[in-house]
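So the sequence lines, in the order shown, correspond to chains F and Z.
According to my numbering, the first sequence is numbered sequentially starting from 219.
According to my numbering, the second sequence is numbered sequentially starting from 219.
It cannot be assumed that every hint is accurate.
Identical copies look the same in the list; a pair holds intra-copy or inter-copy alike.
[Unchecked claim] Subject to a maximum C-alpha distance of 30 Å in a straight line, what follows is the list of computed BS3-like cross-link-like pairs (lysine-lysine):
{"no.": "1", "residue 1": "K359", "residue 2": "K607"}
{"no.": "2", "residue 1": "K318", "residue 2": "K583"}
{"no.": "3", "residue 1": "K319", "residue 2": "K623"}
{"no.": "4", "residue 1": "K426", "residue 2": "K375"}
{"no.": "5", "residue 1": "K623", "residue 2": "K318"}
{"no.": "6", "residue 1": "K388", "residue 2": "K398"}
In short, the hints are calculated from the structure, not lab data.
Predicted model, so just to flag it, every value in this text is computed and none were measured.
Number of protein chains: 2
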Amino acid sequence: MKTEIISIGDELLIGQVVNTNASWIAEQLNIAGIEVIRINTIADIREEILKALQEASGRAEVVLITGGLGPTRDDITKNTLCEYFDSRLVFHAPSFAYVKKLFGDRGLPVREVNRKQAEVPHNCIPIVNENGTAPGMWFEKEGTVFVSMPGVPFEMKAMISNYVIPELSKKINGLQIIHKKVLTHGVGESFLSELISDWENNLPVNMKLAYLPQPGIVRLRLSGSGRDRAKLNIEMDEKIKELQNIIPELIFGYGEKTMEEVVGELLKNSGMTLSTAESCTGGYIAHLITSIAGSSAYFKGSVVAYSNQIKTSILDVKEDTLAAHGAVSEQTVTGMALGVRKKFNTDFAIAVSGVAGPDGGTDQKPVGTTWIAVAGPDVLIAEKHLFGKDRQRNIRIAAITALNKLRLMMINDK
Amino acid sequence: MKTEIISIGDELLIGQVVNTNASWIAEQLNIAGIEVIRINTIADIREEILKALQEASGRAEVVLITGGLGPTRDDITKNTLCEYFDSRLVFHAPSFAYVKKLFGDRGLPVREVNRKQAEVPHNCIPIVNENGTAPGMWFEKEGTVFVSMPGVPFEMKAMISNYVIPELSKKINGLQIIHKKVLTHGVGESFLSELISDWENNLPVNMKLAYLPQPGIVRLRLSGSGRDRAKLNIEMDEKIKELQNIIPELIFGYGEKTMEEVVGELLKNSGMTLSTAESCTGGYIAHLITSIAGSSAYFKGSVVAYSNQIKTSILDVKEDTLAAHGAVSEQTVTGMALGVRKKFNTDFAIAVSGVAGPDGGTDQKPVGTTWIAVAGPDVLIAEKHLFGKDRQRNIRIAAITALNKLRLMMINDK
Numbered sequence: 219m220k221t222e223i224i225s226i227g228d229e230l231l232i233g234q235v236v237n238t239n240a241s242w243i244a245e246q247l248n249i250a251g252i253e254v255i256r257i258n259t260i261a262d263i264r265e266e267i268l269k270a271l272q273e274a275s276g277r278a279e280v281v282l283i284t285g286g287l288g289p290t291r292d293d294i295t296k297n298t299l300c301e302y303f304d305s306r307l308v309f310h311a312p313s314f315a316y317v318k319k320l321f322g323d324r325g326l327p328v329r330e331v332n333r334k335q336a337e338v339p340h341n342c343i344p345i346v347n348e349n350g351t352a353p354g355m356w357f358e359k360e361g362t363v364f365v366s367m368p369g370v371p372f373e374m375k376a377m378i379s380n381y382v383i384p385e386l387s388k389k390i391n392g393l394q395i396i397h398k399k400v401l402t403h404g405v406g407e408s409f410l411s412e413l414i415s416d417w418e419n420n421l422p423v424n425m426k427l428a429y430l431p432q433p434g435i436v437r438l439r440l441s442g443s444g445r446d447r448a449k450l451n452i453e454m455d456e457k458i459k460e461l462q463n464i465i466p467e468l469i470f471g472y473g474e475k476t477m478e479e480v481v482g483e484l485l486k487n488s489g490m491t492l493s494t495a496e497s498c499t500g501g502y503i504a505h506l507i508t509s510i511a512g513s514s515a516y517f518k519g520s521v522v523a524y525s526n527q528i529k530t531s532i533l534d535v536k537e538d539t540l541a542a543h544g545a546v547s548e549q550t551v552t553g554m555a556l557g558v559r560k561k562f563n564t565d566f567a568i569a570v571s572g573v574a575g576p577d578g579g580t581d582q583k584p585v586g587t588t589w590i591a592v593a594g595p596d597v598l599i600a601e602k603h604l605f606g607k608d609r610q611r612n613i614r615i616a617a618i619t620a621l622n623k624l625r626l627m628m629i630n631d632k
Numbered sequence: 219m220k221t222e223i224i225s226i227g228d229e230l231l232i233g234q235v236v237n238t239n240a241s242w243i244a245e246q247l248n249i250a251g252i253e254v255i256r257i258n259t260i261a262d263i264r265e266e267i268l269k270a271l272q273e274a275s276g277r278a279e280v281v282l283i284t285g286g287l288g289p290t291r292d293d294i295t296k297n298t299l300c301e302y303f304d305s306r307l308v309f310h311a312p313s314f315a316y317v318k319k320l321f322g323d324r325g326l327p328v329r330e331v332n333r334k335q336a337e338v339p340h341n342c343i344p345i346v347n348e349n350g351t352a353p354g355m356w357f358e359k360e361g362t363v364f365v366s367m368p369g370v371p372f373e374m375k376a377m378i379s380n381y382v383i384p385e386l387s388k389k390i391n392g393l394q395i396i397h398k399k400v401l402t403h404g405v406g407e408s409f410l411s412e413l414i415s416d417w418e419n420n421l422p423v424n425m426k427l428a429y430l431p432q433p434g435i436v437r438l439r440l441s442g443s444g445r446d447r448a449k450l451n452i453e454m455d456e457k458i459k460e461l462q463n464i465i466p467e468l469i470f471g472y473g474e475k476t477m478e479e480v481v482g483e484l485l486k487n488s489g490m491t492l493s494t495a496e497s498c499t500g501g502y503i504a505h506l507i508t509s510i511a512g513s514s515a516y517f518k519g520s521v522v523a524y525s526n527q528i529k530t531s532i533l534d535v536k537e538d539t540l541a542a543h544g545a546v547s548e549q550t551v552t553g554m555a556l557g558v559r560k561k562f563n564t565d566f567a568i569a570v571s572g573v574a575g576p577d578g579g580t581d582q583k584p585v586g587t588t589w590i591a592v593a594g595p596d597v598l599i600a601e602k603h604l605f606g607k608d609r610q611r612n613i614r615i616a617a618i619t620a621l622n623k624l625r626l627m628m629i630n631d632k
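For reference, chain F alone in the conformation it holds in the complex (with noise of 0.2 Å):
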């Protein structure tokens, strides 16, 4: 069932507002079988909206519209809906008593533009609007479906749950649509993608895979369709165990989790805790981590040590070893990790410590060098790395970086 959705606001063509209606329903749809086949975000100008409706319907078996039903003059959309369907507006009586209640109950007084508001096409299915005056609009026109529906979400969002897909749903005949991600960290896009080359190639033709990359982290995003949802769904746990197969130690979590929720809940359910030593991150380690409900269970705190001194005063760093090493080094990131693992009194602890950039590097320490240390009650290990030259992205994979060392070192523990 071809789905196009139509946003139509001027305030999303000047990026004042992100359209999150438009990606809230294309997954609600995709959750649904549904396929969304284009999204057009338009102008709240008439000839703009004819076209639009126009184009959608050589293309889409059902269109979604959302936005130009609030009662201000900007708002064109039912007189343009009117004219494209031919129609006349009538005044919808069950529509206006919603109108009265949701006033009535709020204390408000009535006033003429609401009352204009429960007036709708003739040909039409309104749709009631549970929180708001504005009703929906569902028109059939040559096979195809129309659905106007205001652009305030949370009215938009109850229609469409409560009412446009159950309808829908009905018209459709079976095919499911499962989509499984699959996170790893440690190898970047292009070279993933020639070590599972063979694996992807041997997808069967109702699976898909996507690369969704991110600083760090590459996300494999696994498509299936097919009418038997369960039988669809072991097939494609199947390809995922043969991908654990492949790339097991690049495989950190899987669906919507992040690396600092895998790390929280691996050290939540082992009881055992952690602190960071942190220079070039600054407090991002700490700031990912407490970001997590409940990490104060395993997380007892950071050290940020953006300067020598506090290395050697509250992490115990030997003068001695930043002096003959410096600051990025081995030693003197083993030492910040044993540094804080003994003050904070953890099982574990992480210190980083590189040049994040722009300025700091040297021939010798080029920006981007980093050094990672993560101790653990028998282990410890360091860890070089040469990152790239944005400052903030070095961060980030840093910080990623260190937690998955973290994870690694956990389950190995195992």
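Position chain Z against the provided structure of chain F, taking the given hints into account.
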């Protein structure tokens, strides 16, 4: 200059990714005085791309395309562009040199797929990608400009800012548009609009005001248009001077500055140093400060004290204080500020302790309760705030509010 944005990507049509790229581009074009007439989101399918290009060429003078240029096989945009522009791929040495440098800097081998990424249609102007492997492409066909860019936000953004908008601006003649932003903290959007309503109502017809709220911050964007750029600039500065007299204490900066940049400049210019002691903000203040290049000149570090034990052992908060008043109290937060200031030997110190949520609230200290302290050479202040229920938002607003307190202390000290 009518512009259409085409966003290519299956992930957008299933609602997995919100199309923030299109909003960002629309905002940048709007600021540059370029009108966006449509945003079209389509699938990574040859026929869809060809149709969308054809349609756009009929209504737009400029077509900006994002997405579909990665090295993996789900990206078929480049071949489709060749087909549409009747072109053949040729190797582009400067782009490949950039790729080699990028990979070389990171110590990674250049692969065959990356070499292929440096191939571009022979009849386009390649746009060097400063942050990635896929070059952008600028085409002109029958009077319409087409620009294809990667979908990775920071790669695309650099191309738009550094190449596309400057080139498009050369093509526009006449009407100048200037935007100036005034950054405020302290009151919400609706109260702010009441405070400045007289001023706003008396703006000349060629100036418009927009409110751009973020957690803890409301940015005011004044947009003016006129043929004489210098004169317009002076007129707008006069209006902003009027505004400064109405809400002096609420304005913390101008333009694209962030709170952490403003505070960083104050510290840098005065030669003063800062440390932080963070409980509920969990390192986020340190992260904001250290996201600024050169912050090591004034920031010595932070103690993230996520457990009471660290508050006493590292920050020297007295156990009696914690027992008598709790972690979220004036006594504890001032103890944290004084403790970190002394230990880190800095001029100023910020401390925050609160209930970020969603759990941990009590009747006396509900979720959102936050104590903020700032200690300076001569002054110690502490303030209680009640923020909202959302954890991420509370962390963000607490950090901005704390930085602003430091800013006010430094300004009033002068």
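Comparing the hints with the structure gives:
no.: 1; hint: K359 / K607; in the structure: neither (53 Å within a copy, 36 Å between copies)
no.: 2; hint: K318 / K583; in the structure: between (56 Å within a copy, 20 Å between copies)
no.: 3; hint: K319 / K623; in the structure: between (44 Å within a copy, 28 Å between copies)
no.: 4; hint: K426 / K375; in the structure: both (26 Å within a copy, 29 Å between copies)
no.: 5; hint: K623 / K318; in the structure: between (47 Å within a copy, 28 Å between copies)
no.: 6; hint: K388 / K398; in the structure: within (21 Å within a copy, 46 Å between copies)
Hint compliance for this structure: hint 1 is the single one not met.
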